[in-house]
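S.K.: As a plain string of letters, each chain reads:
Protein chains: 2
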Amino acid sequence: MPMRLSSLFLRTLREDPSDADVAGHRLLLRAGYIRRAGSGLYTWLPLGLAVKAKIEQVIREEMAAAGAQEVFFPALLPREPFEVTGRWSEYGDNLFRLQDRKKADYLLAPTHEEMFTLLVKDLYSSYKDLPLCIYQIQNKYRDEARPRAGLLRGREFVMKDAYSFDISDEGLKDAYQAQRDAYERIFTRLGVDYVIVKADAGAMGGSASEEFLSPSPIGEDTFVRSPGGYAANVEAVTTVAPPKISISSQPAAEVVTTPECSNIKRIVAWSNENRKRTDDNQWSAEHTLKNNVMALISPEGKRELVVIGLPGDRDVDLKRAEAAFSPNEIEQANEEDFAKHPELIKGYIGPVKGSQALLGLKGSSKIRYLLDPRVVEGSAWVTGANEKEKHVFDLVAGRDFSADGVIDVAEVRAGDQAPDGSGALELARGIEIGHVFQLGRKYAEALGLQVLDENGKLITVTMGSYGIGVTRLVAVLAEANHDANGLIWPAAVSPADVYIVAAGKDDEIYQAAEKLALEIEAKGKTVILDDRPKVSPGVKFGDAELIGVPSIVIVGKGLENGQVDLWNRRSGERVPVALESAVAEIIKAKN
Amino acid sequence: MPMRLSSLFLRTLREDPSDADVAGHRLLLRAGYIRRAGSGLYTWLPLGLAVKAKIEQVIREEMAAAGAQEVFFPALLPREPFEVTGRWSEYGDNLFRLQDRKKADYLLAPTHEEMFTLLVKDLYSSYKDLPLCIYQIQNKYRDEARPRAGLLRGREFVMKDAYSFDISDEGLKDAYQAQRDAYERIFTRLGVDYVIVKADAGAMGGSASEEFLSPSPIGEDTFVRSPGGYAANVEAVTTVAPPKISISSQPAAEVVTTPECSNIKRIVAWSNENRKRTDDNQWSAEHTLKNNVMALISPEGKRELVVIGLPGDRDVDLKRAEAAFSPNEIEQANEEDFAKHPELIKGYIGPVKGSQALLGLKGSSKIRYLLDPRVVEGSAWVTGANEKEKHVFDLVAGRDFSADGVIDVAEVRAGDQAPDGSGALELARGIEIGHVFQLGRKYAEALGLQVLDENGKLITVTMGSYGIGVTRLVAVLAEANHDANGLIWPAAVSPADVYIVAAGKDDEIYQAAEKLALEIEAKGKTVILDDRPKVSPGVKFGDAELIGVPSIVIVGKGLENGQVDLWNRRSGERVPVALESAVAEIIKAKN
Chain A
1 MPMRLSSLFL RTLREDPSDA DVAGHRLLLR AGYIRRAGSG LYTWLPLGLA VKAKIEQVIR
61 EEMAAAGAQE VFFPALLPRE PFEVTGRWSE YGDNLFRLQD RKKADYLLAP THEEMFTLLV
121 KDLYSSYKDL PLCIYQIQNK YRDEARPRAG LLRGREFVMK DAYSFDISDE GLKDAYQAQR
181 DAYERIFTRL GVDYVIVKAD AGAMGGSASE EFLSPSPIGE DTFVRSPGGY AANVEAVTTV
241 APPKISISSQ PAAEVVTTPE CSNIKRIVAW SNENRKRTDD NQWSAEHTLK NNVMALISPE
301 GKRELVVIGL PGDRDVDLKR AEAAFSPNEI EQANEEDFAK HPELIKGYIG PVKGSQALLG
361 LKGSSKIRYL LDPRVVEGSA WVTGANEKEK HVFDLVAGRD FSADGVIDVA EVRAGDQAPD
421 GSGALELARG IEIGHVFQLG RKYAEALGLQ VLDENGKLIT VTMGSYGIGV TRLVAVLAEA
481 NHDANGLIWP AAVSPADVYI VAAGKDDEIY QAAEKLALEI EAKGKTVILD DRPKVSPGVK
541 FGDAELIGVP SIVIVGKGLE NGQVDLWNRR SGERVPVALE SAVAEIIKAK N
Chain B
1 MPMRLSSLFL RTLREDPSDA DVAGHRLLLR AGYIRRAGSG LYTWLPLGLA VKAKIEQVIR
61 EEMAAAGAQE VFFPALLPRE PFEVTGRWSE YGDNLFRLQD RKKADYLLAP THEEMFTLLV
121 KDLYSSYKDL PLCIYQIQNK YRDEARPRAG LLRGREFVMK DAYSFDISDE GLKDAYQAQR
181 DAYERIFTRL GVDYVIVKAD AGAMGGSASE EFLSPSPIGE DTFVRSPGGY AANVEAVTTV
241 APPKISISSQ PAAEVVTTPE CSNIKRIVAW SNENRKRTDD NQWSAEHTLK NNVMALISPE
301 GKRELVVIGL PGDRDVDLKR AEAAFSPNEI EQANEEDFAK HPELIKGYIG PVKGSQALLG
361 LKGSSKIRYL LDPRVVEGSA WVTGANEKEK HVFDLVAGRD FSADGVIDVA EVRAGDQAPD
421 GSGALELARG IEIGHVFQLG RKYAEALGLQ VLDENGKLIT VTMGSYGIGV TRLVAVLAEA
481 NHDANGLIWP AAVSPADVYI VAAGKDDEIY QAAEKLALEI EAKGKTVILD DRPKVSPGVK
541 FGDAELIGVP SIVIVGKGLE NGQVDLWNRR SGERVPVALE SAVAEIIKAK N
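Same order as they appear, the protein sequences are chains A and B.
Heads up: the first sequence at position 143 corresponds to 143 in the working numbering, and the numbers run straight through without jumps.
Heads up: the second sequence at position 544 corresponds to 544 in the working numbering, and the numbers run straight through without jumps.
These aren't lab readings, by the way, just hints derived from the structure by calculation.
For each residue, glycine too, the CB sits at the ideal point set by N, CA and C.
Watch out, some of these pointers could steer you wrong.
Here are some, though not all, of the chain B residues that point toward chain A, as calculated from beta-carbon distances under 8 Å [claimed, not checked]: (1) R35; (2) G38; (3) A75; (4) D93; (5) R97; (6) D122; (7) I137; (8) Y141; (9) R155; (10) V316; (11) L318.
In silico DMTMM-like cross-links for lysine to aspartate or glutamate, where the CA-CA straight-line distance does not exceed 20 Å [as the list claims (entries may be wrong)]: (12) A/K534 with A/E580; (13) B/K103 with A/D105; (14) B/K534 with A/E90; (15) B/K102 with A/D506.
On the chain A side, residues computed to face chain B include the following (Cβ under 7 Å) [to be verified]: (16) A37; (17) L98; (18) I134.
Chain A extracted, bound-state conformation (with noise of 0.2 Å):
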């Protein structure tokens, strides 16, 4: 039965909404396919659940098709699993906890890896069960501290989760490889442009790890790639450290008197007028040592600096800092922190005061230090000397200073080499919408997951997840595929496979255009159909563009000719057909 605009439960905006902060957002509220119900939460109108469903629909058959079997975990769950994993805690502020009327303490789940761990442990037994892949399409929670762009960034949305069970590496390899096929099979026959990333594996344990992000200006995540066809998300860039150099052929350090020098920019000014180098080069920020006094918040709440020292012409990238040090927090050190440490002398920290260890948890501070990867063996720099208006110059790492251990969270630019050789990087932002990883055994040895191998032996079973964003692919749909006048959906995910315009007053038109509808109907396409009696053709047209079918026909004034017009959406394309061709044609055209 056609969806007709005279009864479906719609009605389209022709001014912008105000809350609405990108195009694809806006254009999903104006043509009436979701409705703002919270903070972060969203109705889903008919047209907007058409939508869904057959996303949905793609990734039910493709799951089958990688032999993966439905299951429907509950949304609201007990505390006690996830107490186990230690993931109660870790979530932090992102969790939404509740309290039942027996002041138990529940959840709403953001991800479901102890329920399928615990589902499989109570169900099977022994290594003949497996392999098994299992996933769910589920409504997910997580009380995001900056709800964005509509389905984007929403607080409760749905996700498509499976996990995979093994009891070998290679089984998880085998099944991960699966998954991560079936990914590329989802995206492309949705129409989405992605670009597989190496991710961090940082919070959720685990080794291989990989995002598809689909690339946007409105993109959360920054990902670099190089020609040579490296990509990765910039929590997961390694950078590539320089060669040591020889100690031996350093000068020894000097401490310098470098008045009002307590920025990088004020020290190489002075340097290049007061102290030049012996080369022809020009003192620059890259010569010097930026000593970053941070906070690490624990998920129990305790407070403990540490400082990340790094060639002065590059800040700590905060979001590689947050996938470096996960579950804690990080956070700049304020005022009170420096309190504390008097022994911190803003503007000259460096890891040396006199011949003494400052930094460090063998210094005198007890603070913990981290370098960059460049900061390398035998590498001398210029950083502070702790004191007032002091600094020291080659500073040499392994011979007048050392650290607790090498961070890898300066921010990456493009020009950065690409870790495996492959060229120089650029940048691009981009939106996540799937991710596949090897948890590992993580997950199952919190949980007790073991099963009897072929000798009668418990072993560990070793897991895979994989997530798919299903609303946020809505949201990136209709983000990548719209223009000025409105949506202009992929043919495999569009709310009806074609739109008919009946434009005019002449009965005759809404006759035609009725008995088209069926007749499409008939060879098994949707149909919406503009049916309204007292509605301009004019707002007929703009209602159709901006509800963004692919493949509309009109059904107007040519009808006296026997005529009616084929509209690409997409291209702007009209084509007057006949009508008594019009059905062949529409089931031939591809949009």
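Dock chain B against the given chain A, drawing on the hints supplied.
M.R.: For chain B alone, kept in the frame of chain A given last:
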């Protein structure tokens, strides 16, 4: 693609799970349809998901046929709209409440009246936009005090909730009838036995209200029916008051000393011994007026005593009382209540003390006094005289005492007369599977849903609400369709159309079974294939019975003679048929 038991995520259980209290629930667990995830929380395994999907599909088809359009709301909702209608507090402990990171109040929606009302207000503004009927199939949440019988009373469950919007009462009646008709079609198609009973409009406000109950001994709802076709749930049964009696014919009231007669049984026995009736009848409990002291607790927690006077042969039915006093809760008065009212002498409570009213807002106690409809004007009663060991005889309603109102909350008994004169009532138990309800203008008024009428005047919209318990239907169907060996699904909801058992060791058997499965699927039917190579035929037959697909095919020994067995799960009949005609026979068979 057939579901193959060799890889299907399924483990049938030989033993009854300890925590399952009813047969259908035990079998859903044992046959691997669902698993418990927490109190009142269930995980759906592939077979269960298949049954649930079939039910949802039937509902969607019949909703579309009734002109209802599908939408989808968040389950997580802000407090404000529920505050406006009062339901934030009225729902009491049944509502899951939580706060987000900004300490704003949210809830997990038990139903969505407010949100549907606001959505229509948001999009529609004219009488021309109506009538409208919209619905969703969605997860609901209720923090049940006693989750029970698995899917029958869970805390997260799926409902179809539809809402109609009309400008006139006639429109609402039509919408109500359309949904009611759709419900009859849905339950008939699903093979669910049902009775439509009058329901109490109670807490929800509004007028006409009917429930669809599936008769079942494990049902929580008691309903009545008469030979003449009257049916109602106990909350909705109205009592036919007997005719008034002439006061002038009644003797004067007399206070009598009644030693050790602090309950109905004793005062009846004492009276028969010491104070014969003027007619030849014996005294019995129905001649006494029992005065029940109860406490109402308002949603805000305010406690108010109320006394309910009713014939001594009946008790107050707490469910009827809850419905009548909703949104207040009601319970028996406790010791503390009595301590505050020393004028209430337990066992001897009555409406008057001496010649003064005691009970009633105008009585000296100031406690609200309500009477059963059977206590008609002119009726004479034996009741307490408000002194230890004293009763009053021939206390006449309307002459000697009066009350603040009538309340119809006495227990309903088999043999009571139907209010419409259609005969004596019988009592039965049922499970509520659907509810249709003329809400009227309550929500529209509270939330300001108005549209312009033909004259440009704002009028308030009238609404109906229509619910079906989707996951509960799975439980109802399992409960109504099983035997000692397992489930027996109606064909419309079976997880597959045909279940093929490959029974034996020979490769030929497995090849023939596989070929048969594919041939049946090519005809558009779905198949479960038990292709487990190392499982005995006995175990396979047991699982086939447990899982309960109504149409089973055994590919086994008969294959040597070119035969397979068709096994009707419901009748138990097994019929050999030639392999080559098997597909046609299976397609033909109706189980």
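S.K.: Going back to the hint list, which numbers does this structure go against?
M.R.: 7, 10, 11, 12, 14 and 15
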